[in-house]
Amino acid sequence: MSGHVVPVKTYLGIFVALLALTALTTGVAFVDFGELHTGIGLVDVIPLNTVVALTIALVKMLLVILFFMHVKYSSGLTKIVVMTGFLFLAILVSFTLADELTRGWSPEAGGWNTALPAILPLIRGLC
Amino acid sequence: MSEMAMHGAHPPGFKHQFEDMEQQREAGSLGMWVFLVTEIMFFGGLFATYIIYRTLYLTAFEEGSRLLNVKFGAANTAVLIGSSLTMALAIHAAQAGKKKSEQVMYLVLTMILGALFLFLKFNYEWRADYHEHLIPGFGFIIRPEWGAAGTHVPLYFCFYFFMTGLHAMHMIIGFGILGTLTVMAQRNRFNSEYYAPLEVSGLYWHFVDIVWIFLFPLLYLIGGRFALPGVH
Chain A
1 MSGHVVPVKT
11 YLGIFVALLA
21 LTALTTGVAF
31 VDFGELHTGI
41 GLVDVIPLNT
51 VVALTIALVK
61 MLLVILFFMH
71 VKYSSGLTKI
81 VVMTGFLFLA
91 ILVSFTLADE
101 LTRGWSPEAG
111 GWNTALPAIL
121 PLIRGLC
Chain B
128 MSEMAMHGAH
138 PPGFKHQFED
148 MEQQREAGSL
158 GMWVFLVTEI
168 MFFGGLFATY
178 IIYRTLYLTA
188 FEEGSRLLNV
198 KFGAANTAVL
208 IGSSLTMALA
218 IHAAQAGKKK
228 SEQVMYLVLT
238 MILGALFLFL
248 KFNYEWRADY
258 HEHLIPGFGF
268 IIRPEWGAAG
278 THVPLYFCFY
288 FFMTGLHAMH
298 MIIGFGILGT
308 LTVMAQRNRF
318 NSEYYAPLEV
328 SGLYWHFVDI
338 VWIFLFPLLY
348 LIGGRFALPG
358 VH
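Chains as they are written, first to last, in this note's numbering: chain A, 1 to 127; chain B, 128 to 359.
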């Protein structure tokens, strides 16, 4: 009755894996993986080194969360709460980027700024 | 266990409102995770801002990241992972009913590794940045070799100092928590039935480790460390 006791061997294994992944991510930073060209405005150039580095970081994060933080052995409720945190982070990042990256898509020639004087009287009227 | 609760013969640390120790443990971890979700969003705002400015000024951010010392960054990542291991082992020592001296040893080791991280960061990295005029607001000098991207390199360093600074602040708070835990362990407060303060503090410490796991590639590695063919 003392919760799930993770064997020391598991902790040491995860520790070694995390160190190996740190060495790997540092090592591959010295190799040029080139770039991916999407042809979409501000995200036209995607350096593949960044993709590789963040994928390794994601694996390291999962190892820490699942084993060091015992989420693998926690209840479904805890697992849902953990995932909710990352879901809301994804919403924050994706919606902000969706706004920022599509600023240039305005039908107005000068962007939304030129539309502002037209709606200003309306805003003032509301206040 | 629930029978024991009904008859009022509790294990130490058991609170009346819970069905049994297992439920109490689960509630404790869940509560800590709810706090950590707010921490994800707290750092998340900074990460989201970083992502946008990196998208807008990619070249400047890559120039900036190559100016950091990747050896210190990698070494500090290893140090922090080591401190996460000793933290996990401190909890394990309590869970497995080991002597208090073992819990205290692992907690002290965690603090030593945490202190080593901050020592390397402040005394070597930040000091070198100061001497190389890379701290915005403290005589930052824009170098001609950065070219057109140069004006936005200080922006990258604002992110660097703010993100690593906020992370360091979390670690300093962690020292306070670890110090308290060490005293509690010394007073024999933890056993195989009750170790909730260790468990939830461990969650906090591992979370701070995870933040660094992402800061390392985002700040040190995004520019790559290879020789660029014909760029600049």
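Source of the hints: derived by calculation from the structure; they are not laboratory data. Heads up, some of the hints might be wrong.
Here are the simulated DSS-like pairs of lysine-lysine, each with C-alpha atoms no more than 27 Å apart in a straight line [to be verified]:
hint	chain 1	residue 1	chain 2	residue 2
1	B	Lys142	B	Lys226
2	A	Lys9	B	Lys225
3	A	Lys9	A	Lys72
4	B	Lys142	A	Lys9
5	B	Lys248	B	Lys142
6	A	Lys72	B	Lys142
7	B	Lys198	A	Lys72
8	B	Lys142	A	Lys79
9	A	Lys72	B	Lys248
Covered stretches of chain B (chain A as the covering partner; in silico rule of three or more C-beta atoms under 8 Å from a C-beta of chain A) [said to hold, decoys possible]:
hint	stretch
10	157 to 166
11	169 to 182
12	206 to 218
13	305 to 316
14	341 to 351
C-beta: ideal position from N, C-alpha, C; glycine also.
Discussion item. Hint check: Lys142/B vs Lys226/B, CA-CA at most 27 Å. Holds or violated?
Written reply: The hint holds at about 24 Å.
Worksheet item: Within a Cα-Cα threshold of 27 Å, do Lys72/A and Lys248/B meet the stated pairing?
Response: violated, 32 Å
Worksheet item: Taking only the CA atoms, is the gap from Lys9/A to Lys225/B under or equal to 27 Å?
Response: holds, 16 Å
Item to complete: Sort out whether Lys72/A lies within 27 Å of Lys198/B, counting only the CA atoms.
Response: Cα-Cα ~33 Å, so violated.
Worksheet item: Is Lys142/B within 27 Å of Lys79/A, Cα to Cα?
Response: At roughly 24 Å apart (the allowed maximum being 27 Å), Lys79/A and Lys142/B satisfy the hint.
Discussion item. At least three residues with a C-beta closer than 8 Å to a C-beta of chain A: is that true for the stretch 169 to 182 of chain B?
Written reply: Contact hint for the stretch 169 to 182 of chain B vs chain A: holds, 7 residues under 8 Å.
Worksheet item: For the stretch 206 to 218 of chain B, do three or more residues have a beta carbon lying closer than 8 Å to a beta carbon of chain A?
Response: With 7 residues closer than 8 Å to chain A, the stretch 206 to 218 of chain B meets the three-residue bar; holds.
Worksheet entry | Holds or violated: Lys9/A to Lys72/A, with C-alpha atoms at most 27 Å apart | Satisfied, since the Cα-Cα distance of roughly 16 Å is no more than 27 Å.
Discussion item. What's the verdict on Lys248/B and Lys142/B, does the C-alpha distance respect the 27 Å limit or exceed it?
Written reply: violated, 42 Å
Discussion item. Using a Cβ cutoff of 8 Å, are there at least 3 residues of the stretch 341 to 351 of chain B near chain A, or does the coverage claim fail?
Written reply: As far as the stretch 341 to 351 of chain B goes, the hint holds, because 8 residues have Cβ atoms under 8 Å from chain A.
Item to complete: Verify the proposed pairing of Lys72/A with Lys142/B, using a straight-line Cα cut of 27 Å.
Response: The given pair, whose Cα atoms are some 26 Å apart, holds under the 27 Å limit.
Worksheet item: Straight-line Cα separation of Lys142/B and Lys9/A no greater than 27 Å?
Response: Violated - the C-alpha atoms of Lys9/A and Lys142/B are around 32 Å apart, more than 27 Å.
The earlier numbered hints that this structure contradicts are 4, 5, 7, 9 and 13.
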